[in-house]
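Each chain is listed here by its residues.
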Amino acid sequence: MSFFTRTATTSLLALVAASPLQAESLEVQIGYLQWVPDQGPVLSNVIPEPEDAGLRGAELAINDNSTTGKFLGQTYSLQSNVADTEEAAIAAFDSMRENGLELFVINAPASTLKALTEKAGDNTLIFNAGAKDDALRTGQCHVNLLHTMPSYSMLTDALGQWLNQRRWDEVFLITGPTEADKGWADAFRRSAKRFGLEIVEDKPWTFDADLRRTASKELPLFTQASDYDAVVVADVRGDFGEYVPFNTWLPRPVVGTQGMSPLAWHYVVESWGAAQLQNRFRELAGRQMNSEDYAAWAAIRSIGTAVTDLNSASPAEIRNFLFSDEFQLAAFKGRKVTFRDWNGQMRQPIPLVHPRGLVATAPFEGFLHPNTELDTLGFDRPESECRING
Amino acid sequence: MKTLFKRTALAAMIGLSTPALASVAYVSNEKDNTLSVIDTETREVIETIDVGQRPRGILLSKDYTKLYICASDDDTVQVLDLATRKIVDTLPSGEDPEQFALHPNNKHLYIANEDDAIVTVVDVDSKEVLAQIDVGIEPEGMAVSPNGKWAVNTSETTSMLHWINTETFEIEKNIVVGQRPRHVEFSKDSKIAWASAEIGGTVHIIDVDNLEQVHEMSFKVPGVNQDRVQPVGIELTSDGKYAFVALGPSNHVAVVDAQTYEVLDYLLVGARVWQLDLDKDEKHLYTTNGVSGDVSVIDVEDLKVIKSIKVGRYPWGVVIDPTS
Chain A
1 MSFFTRTATT SLLALVAASP LQAESLEVQI GYLQWVPDQG PVLSNVIPEP EDAGLRGAEL
61 AINDNSTTGK FLGQTYSLQS NVADTEEAAI AAFDSMRENG LELFVINAPA STLKALTEKA
121 GDNTLIFNAG AKDDALRTGQ CHVNLLHTMP SYSMLTDALG QWLNQRRWDE VFLITGPTEA
181 DKGWADAFRR SAKRFGLEIV EDKPWTFDAD LRRTASKELP LFTQASDYDA VVVADVRGDF
241 GEYVPFNTWL PRPVVGTQGM SPLAWHYVVE SWGAAQLQNR FRELAGRQMN SEDYAAWAAI
301 RSIGTAVTDL NSASPAEIRN FLFSDEFQLA AFKGRKVTFR DWNGQMRQPI PLVHPRGLVA
361 TAPFEGFLHP NTELDTLGFD RPESECRING
Chain B
1 MKTLFKRTAL AAMIGLSTPA LASVAYVSNE KDNTLSVIDT ETREVIETID VGQRPRGILL
61 SKDYTKLYIC ASDDDTVQVL DLATRKIVDT LPSGEDPEQF ALHPNNKHLY IANEDDAIVT
121 VVDVDSKEVL AQIDVGIEPE GMAVSPNGKW AVNTSETTSM LHWINTETFE IEKNIVVGQR
181 PRHVEFSKDS KIAWASAEIG GTVHIIDVDN LEQVHEMSFK VPGVNQDRVQ PVGIELTSDG
241 KYAFVALGPS NHVAVVDAQT YEVLDYLLVG ARVWQLDLDK DEKHLYTTNG VSGDVSVIDV
301 EDLKVIKSIK VGRYPWGVVI DPTS
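Residue numbers (this note's numbering), protein chains in the order written: chain A, 1 to 390; chain B, 1 to 324.
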C-alpha cells in the first residue's frame with residue numbers, strides 16, 4: 001500500500017500527461033430510469049435484493065466509456081432517477097427529455113416501459129434493461145426500443161438445452177402465483193417443447209404457510225410423483241423457491257428461478273476477462289454485480305462503442321451502427337454480442353449458475369442454427385412478428 | 001517400482017543440476033499458482049515451481065539470468081533466479097499485473113495493471129516506480145519495440161493501442177482497433193507491429209514509422225463457428241517468414257505468411273490456445289492451451305503438431321530460455 005502513496009505523485013503527473021489529444025469534445029448524456037414495483041412480502045427474505053440493482057451497472061459503464069472517451073475527446077454523463085411510483089418514473093422521463101436527453105436505459109416493468117417508449121419522440125433510443133417479458137420481443141416491439149436484458153424465453157431455452165444435453169428430460173414444474181411467475185413458466189413450457197422435455201407434473205404453488213417452519217413437511221408431499229429427473233421452479237420474486245432444494249419427494253436437482261438458474265449475469269462468471277469486470281464493479285458498488293447491473297452496463301457500453309466509432313451521439317446514427325455489421329461488443333461472455341435486427345434483442349450467451357459456482361454456459365454444442373448459435377436462445381426471426389428494421 | 005524410482009531420481013537429478021544441461025520452457029499455470037518447467041529435448045515436465053497467486057505473464061531478462069512473473073492476485077512481479085530456480089525477489093507492480101514487457105536496456109519493465117487502467121514502469125534494479133501512465137480500461141498486452149523506442153499497451157475494453165514514448169513515458173498516439181485487443185508483437189526490425197483483437201477476431205498490422213494501420217487480417221477456421229475464432233498470442237519467426245497466431249477457443253493456431261499476410265494453414269492444438277513461443281533455433285513452437293491444461297509443440301518446418309504435454313491448470317504464458 002505504501003507503494004501507492006509513494007507513486008501517487010507520479011500517477012498524477014502521468015494523468016496530466018495523458019490528457020486528451022483532440023481539442024474538440026463531444027458530450028454524451030445518458031438517462032437512467034428505474035422503477036421496480038414492490039414485490040410484496042416473501043417467505044425467503046433472508047438475503048434482500050440490492051435496491052440499486054441496475055443503477056450501479058449504468059454508473060460503471062459510464063466510467064468505462066469515459067476512460068475510452070478521454071483519448072478521443074468524448075465525455076459521458078449519467079442522469080439517473082430511481083422512482084417510487086410509475087407516475088414519478090414518467091415525470092422523471094419527461095423532465096430528462098426536456099433537458100435534452102435522447103439516450104435512455106430503463107429498468108422498469110413492461111407496461112411502464114411501453115408507456116415511456118410511446119411518449120418518446122422519433123429521435124430517442126431506449127434500452128430495456130429490466131423487463132424480460134416475451135411479448136416485448138414477439139409482437140409489441142418498438143422501432144426505437146432495444147433490449148439488453150435477456151427475455152424469459154432466452155433464459156428458459158438455455159435451461160431447456162442444458163436439461164436436454166444432460167438427458168434429464170422428465171421434469172416436475174412448480175409455478176408461483178405472480179404474473180412474472182406465469183411468464184417464466186410459459187416460456188419454460190415453450191422451451192420444453194423445443195428441446196424435447198416432458199413436463200410430467202405442472203403444479204401451481206398455492207400454499208401460504210411459512211415454509212421456514214414446515215418446508216421439510218410440505219414440499220416432499222407437494223412434489224410426489226412416480227418419477228422425474230429434475231424439479232423446475234418458476235418463482236421470480238423468490239417467495240418459496242429457495243425452500244424447494246433438498247425438500248423434494250425424490251432425490252432430484254432443483255433448477256429454474258432457484259437452485260441452478262439461467263441468468264444474464266452472476267458474480268461467479270469469471271472467464272473471458274469477466275473477473276476484471278466483477279472487480280471493477282465490486283470496487284464501485286461494494287457489492288456483487290447482478291443481471292440488472294449487467295443489462296444496464298451492456299446498454300451504455302453499446303452506446304459507448306457506437307460513439308467511439310461515429311464520434312456522434314445522435315440516436316439515429318447510434319441505432320444504425322448497432323444494427324450494422326460494424327458493431328461488436330466484447331461483453332465478457334466469451335463471444336461478441338450483437339442485436340437481433342427484427343426485435344432489437346441483444347444476443348448473448350446465458351450462464352447457468354448455482355449460488356457459488358458456474359455450471360455451464362448456453363448455447364451448447366450441437367444446437368445448430370443457420371446464422372448464429374446464439375439465436376437458438378429465445379424467439380428467432382420466424383417466430384417473432386416484429387420487424388423493427390423493415 | 002524400480003524403474004519408477006530410477007526415472008524420478010533421474011528427473012530429480014536434472015532438476016537439481018544446473019539448468020544448462022537441458023533446454024527448458026517455462027509455463028505459468030494461472031489456476032495452480034505454479035510454473036511448469038519443460039525439458040525441450042524430452043518434452044516432459046521436469047519440475048513444478050510454486051509461485052505467487054494467479055501467475056500470468058512471464059518473461060526473461062535480456063541476459064537470460066532471471067524470469068519475471070506477474071503474480072496477478074498478489075499484486076506483485078516475482079523474480080525467479082534461473083540458476084537456482086528459486087524466487088529471489090519481488091518488484092512493485094501496481095495492482096493486478098497481467099502482462100509486461102522489458103525494454104532492451106534490461107532495466108525498464110512496463111507492466112499493464114489490468115484492474116487500474118494504468119501502465120506502471122519499474123526500474124528492475126532500483127525497484128523504483130518511474131512512471132504510471134493512464135491508459136484505457138483493462139490494459140492487457142504490453143510490448144516494447146526491439147529498438148527500444150516505443151512501448152505499446154492494448155486496453156481490452158477501450159479497444160485501443162496506446163503508443164508510449166519510452167523516453168518521456170507519455171502517450172503519443174492512440175489507435176482504435178477491434179474489440180478486446182490482447183497482444184502486440186513487433187517485427188525484429190521494429191518496423192511492423194502485429195496486434196490481435198480477441199472479440200473482433202482480427203489482427204491489425206501497424207506501420208510503426210507512420211503509426212498507422214496498413215492491413216487488417218481476419219481468420220476462417222473450417223468447421224468452427226466464427227464467434228469462436230479469437231486471436232490472442234502472436235509469435236513471429238526472426239527470418240520474417242511466418243507469423244503464428246493463437247486463435248483461442250477455436251483451438252487452432254493460424255500460420256500466416258508474414259510478408260503477404262496470407263493465412264497458410266490452421267493447426268489444431270489444445271483447447272483455448274493462449275500464448276506461444278519459439279525455441280532457440282526456431283524449429284519448434286510451444287503453445288499454452290488454457291482449457292485443456294496442456295502445451296502443444298508444433299514442428300515449424302513441417303507445420304505439424306507433434307506433441308502435447310500436460311502441465312498445470314490453465315496454462316497462460318510460455319517462454320523458452322534460449323541459453324539453456
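Possibly wrong hints are sitting among the right ones.
[Claimed, not checked] Heads up, simulated DMTMM-like pairs for lysine to aspartate or glutamate below, C-alpha to C-alpha not over 20 angstroms straight-line:
hint, chain 1, residue 1, chain 2, residue 2
1, B, 173, A, 309
2, B, 220, A, 325
3, B, 220, A, 309
To be clear, the hints were calculated from the coordinates, so they are not data collected in a lab.
Okay, the hints, checked on the actual structure:
1. This hinted pair checks out: residue 173(B) and residue 309(A) have alpha carbons roughly 17 angstroms apart, not beyond 20 angstroms.
2. Distance hint between residue 220(B) and residue 325(A) is fulfilled; the C-alpha atoms sit about 17 angstroms from each other, no more than 20 angstroms.
3. For a cut-off of 20 angstroms, the pair hint linking residue 220(B) to residue 309(A) is broken: about 25 angstroms separates their Cα positions.
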